[in-house]
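Two chains, each in its own frame: build the complex with the hints.
These protein sequence lines are chains A and B, in that order. Per the working numbering, the first sequence starts with residue 1, numbered consecutively. Per the working numbering, the second sequence starts with residue 1, numbered consecutively.
Just so you know, not all the hints are guaranteed correct.
Claimed, not checked - Subject to a maximum C-alpha distance of 20 Å in a straight line, what follows is the list of computed EDC-like cross-link-like pairs (lysine to aspartate or glutamate):
id, chain 1, residue 1, chain 2, residue 2
1, A, K24, B, E134
2, A, K38, B, E135
3, A, K115, A, E95
Unchecked claim - Simulated coverage check for chain B against chain A, where a stretch passes if three residues somewhere in it have a Cβ under 8 Å from a Cβ of chain A:
id, segment
4, 17 to 23
5, 29 to 40
6, 69 to 81
7, 121 to 127
8, 143 to 151
Said to hold, decoys possible - Label-pair restraints from in silico Cβ distances:
id, chain 1, residue 1, chain 2, residue 2, range
9, A, E141, B, I136, 28 to 34 Å
10, B, D57, A, R219, 34 to 40 Å
11, A, R137, B, E122, 37 to 43 Å
12, B, Q27, A, G132, 30 to 36 Å
13, A, G132, B, R39, 33 to 39 Å
14, A, E130, B, D10, 49 to 55 Å
15, B, I136, A, R147, 25 to 31 Å
16, A, K97, B, V30, 32 to 38 Å
17, B, T9, A, R129, 46 to 52 Å
18, A, R248, B, D57, 32 to 38 Å
Simulated from the structure, these hints should not be mistaken for lab results. None of these values were measured; they are calculated from a predicted model. Ideal Cβ placement from N, Cα and C applies to all residues, glycine included.
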Amino acid sequence: MRGLSLFLGCVIPNRYPGIEMATKLCLAKMDIDCVELKGASCCPAPGLFRSFDRTSWLALAARNIVLSEELDRDILTVCNGCYSTLADANSIMKEDKALREQVNRHLGEIGREFKGSIEIRHIIEYFHRELGPQGIRKHVERPLDIRVAVHYGCHLLKPSRDRRLGSFERPEFFDELIESLGATSVDYPDKTECCGAGGGVRSALKEGSLRLAQNKLSRIKEAGVDCIVNACPFCHMQLDLGQEEIQRMTGAEYNIPVLHYTQLLGLALGFTPGMLGINLNVIKSNTFIQRIENGQ
Amino acid sequence: MSEPPHDNTDLLNTMKAACKDTLKCMQCGVCSGSCPSGRHMAINIRRLVKKAARTVDVLKDEQLWMCTTCYNCQERCPRNIDIVEAVFSLRSIAVREGIMLPEHGRVSGLLIRHGHAVPIDEERRKQRAELGLEEIPLTVQSCPEGLEEVRTLLRSCGFDRLTGNRNKSNARTETA
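Okay, chain B solo, but in the shape it has when bound (with noise of 0.2 Å):
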């Protein structure tokens, strides 16, 4: 993998800025023995971990999107590192930097239109109205006031332009 053109020291500071727990990190093997996402997938977290602290290619690493957050590993970690909330921070770090799953868009997308990651169907009309419940959930969906208010909300967190409407790379192509 080719390094970005540009000085990444200030991302990478930013990165051991979040993973600053992992530093307390023995390297045991506890987390990635644990770890239910690593017996069927690719993902080795204490190693993704331990590189998170040295390298910014972490980022552009499709291991990283790997973890469920079963919260096994932090739970058996004798050092008790939060390795799940690093997780949280370096997906949050990629995204920043415009890295993103393109079906993590999608759905982003779905939320600010919708106010719901999974949209009510046609189907599930029908099956609602047979089953006695409201056609529409009472939720935002049948809110538009609700609905604007989550748009809303979204727009002044800096949601849309982070998930929405930005050209984003493909972390899928980019891993090696």
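Only chain A is shown next, with the shape it has when bound in the complex (with noise of 0.2 Å):
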């Protein structure tokens, strides 16, 4: 198996660092083969620059894609939408001749070839096919017990005849992670909607990209539970500041502490709360952070 090539993208590294230091810490600790992709740009983000102009989202997507085949190694992503992108633009480049002969003219300007010689990872995917949940189970500290509602995000399940990970209506190989650290992953309505960030909708008609999100949030909170964990800084970001703009419109309060995966995992491997980046969460998770601390 090649080895890995940390794809950051854009959300993670300027707005979450504390899931980029997340993700260093568990693949160091965990010994996996990963090295930083240097020099790449945005995915391009799918519903955004896909929605504009498929010809600039390819070549884009190419060129991240290019540095990582000139390493020899598989792209790692930690994010639904840097996955979506890379995947799909990946893969139609490989299947059609015509469009890669395209994109490599424009690539030509910057010396570069796309020759379709690597895969595109999402670390969630990756952790289940690669380690599955004895893998990760053997790895773990301090076994977490807290209640947690999963957010698995839309493009790292589907399109599903592309993603290849089973039910897109009822998946549960991110709950196996997750239960794998010793949490319990609750049910609950709506589990695998969206969170309303995607599409350039957050960016452009925010107020009614949060009513998905508070809808999402209704639920998790009638749910009960310690936290949400999900699998994509956007829907992050849309669940974690979302609160608090959704408080601002709507004077609704939830107050859930929100984490990526790579933290929820970062915590049972035994790094602390605070290396992990966890209290630079809008929603302040002390309560949270005081349970992990104190062994619960």
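What follows is the structure, encoded as structure tokens:
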């Protein structure tokens, strides 16, 4: 199996650096061969730039993929949006020769060429396929006795014919990874529903976008959990920063801590909440953090 | 809404070609029933796609930008129509016609300037340093040659002209 290159994207390094730190700490501790993909850009974001112009979207995605091809490493994404863009662009260009030639003419301007020699991975999909819940469990030093609302996010699961991760209606693989850390993944209505951020909706039509997030947060609140765990920094932002925005908009208060899976994993591997940047969230998770630090 | 002054036949044909797949639609409504945006916003995805084969007005309809691309409609469509692909195509046609929401034009500018749709800010630089990460991420943001490559590519594809340096109509004001 090829080694990995870590693709950061935009929201992780530039808005939630705790997720970047958590990812790097976990990968190093689990001895997974992964280097940082230096010089990479925005993936570019699927909902926005794929909507605006397909060729530019493909060309910029192709440059990111080529950077990793040149290292002979598969790309590891930690974001559903980056995964969606890079995995889709990679398979589109592998399959459509004419399109690949068109994109390569643009890449020629910067002296690069898309070859189609690597794969795109998402950290959740990678953990589940390559290590499995059992493999993850072996690394756990601090089992987490907490109740978790898992949020898969759309682009980890769909289009399902391309993702091939089983049922998009009732998926289980992410729940299994959470439970391998000792936590309980709690069922709740609208569990696989969209957070509302994607497709350029959060950036341009924020009020409507937050109504989708509010629906999810209400369902999660009713289920009674210690935190939400996601696989995507854009869902993370929508569900974390979104709580403050919803409060301003409607007065509704949720106060639910939001963690990316790598941060939850980091806690189970023995890192402190501070090292994983969990305190950098908009929703301050003091009770949750104290509970983890006091060994529950 | 008044008709644009010029002949729209070519434009409508482009739209029809982009949505060719949707001719298989039997109007069952599973798509709009599965649409989370439809639960909370004005979008009716079934009606939107149906209209796209009949009138260019769809390009100016704000509903076109209410889709979060969650893929529920496409996954559940009994006729296996790639509905989200049709939305992407219609949006691209709208952008080529100069129709774009103002915030999307702004984000495109950020991509051209920084190589990121969401660039670093002062607060996060400080947070990164405190966490023990490089203050500026090792992306194009700390790689001037890489940023130049991104700009060259976007120019080569005409992205700047398409989204950045052109007076754009405001879809919001033109929607009923």
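So, going through the hints one by one against the coordinates:
1. A:K24 - B:E134: Roughly 13 Å between the alpha carbons, so the hint for K24 of chain A and E134 of chain B holds.
2. A:K38 - B:E135: holds, 14 Å
3. A:K115 - A:E95: This hinted pair holds, its Cα atoms lying about 12 Å apart.
4. 17 to 23: violated (count 0)
5. 29 to 40: With 4 residues closer than 8 Å to chain A, the segment 29 to 40 of chain B meets the three-residue bar; holds.
6. 69 to 81: Holds, because 6 residues of the segment 69 to 81 of chain B bring their Cβ atoms closer than 8 Å to Cβ atoms of chain A.
7. 121 to 127: Coverage by chain A holds here, the residue count being 3 at a Cβ distance below 8 Å.
8. 143 to 151: holds (count 6)
9. A:E141 - B:I136: 28 to 34 Å: holds, 32 Å
10. B:D57 - A:R219: 34 to 40 Å: 36 Å Cβ-Cβ, so the 34 to 40 Å window holds.
11. A:R137 - B:E122: 37 to 43 Å: holds, 41 Å
12. B:Q27 - A:G132: 30 to 36 Å: violated, 44 Å
13. A:G132 - B:R39: 33 to 39 Å: holds, 36 Å
14. A:E130 - B:D10: 49 to 55 Å: holds, 50 Å
15. B:I136 - A:R147: 25 to 31 Å: violated, 38 Å
16. A:K97 - B:V30: 32 to 38 Å: 35 Å Cβ-Cβ, so the 32 to 38 Å window holds.
17. B:T9 - A:R129: 46 to 52 Å: Holds, at about 50 Å.
18. A:R248 - B:D57: 32 to 38 Å: holds, 35 Å
Checked against the numbered hints given earlier, this structure breaks hints 4, 12 and 15; the rest are met.
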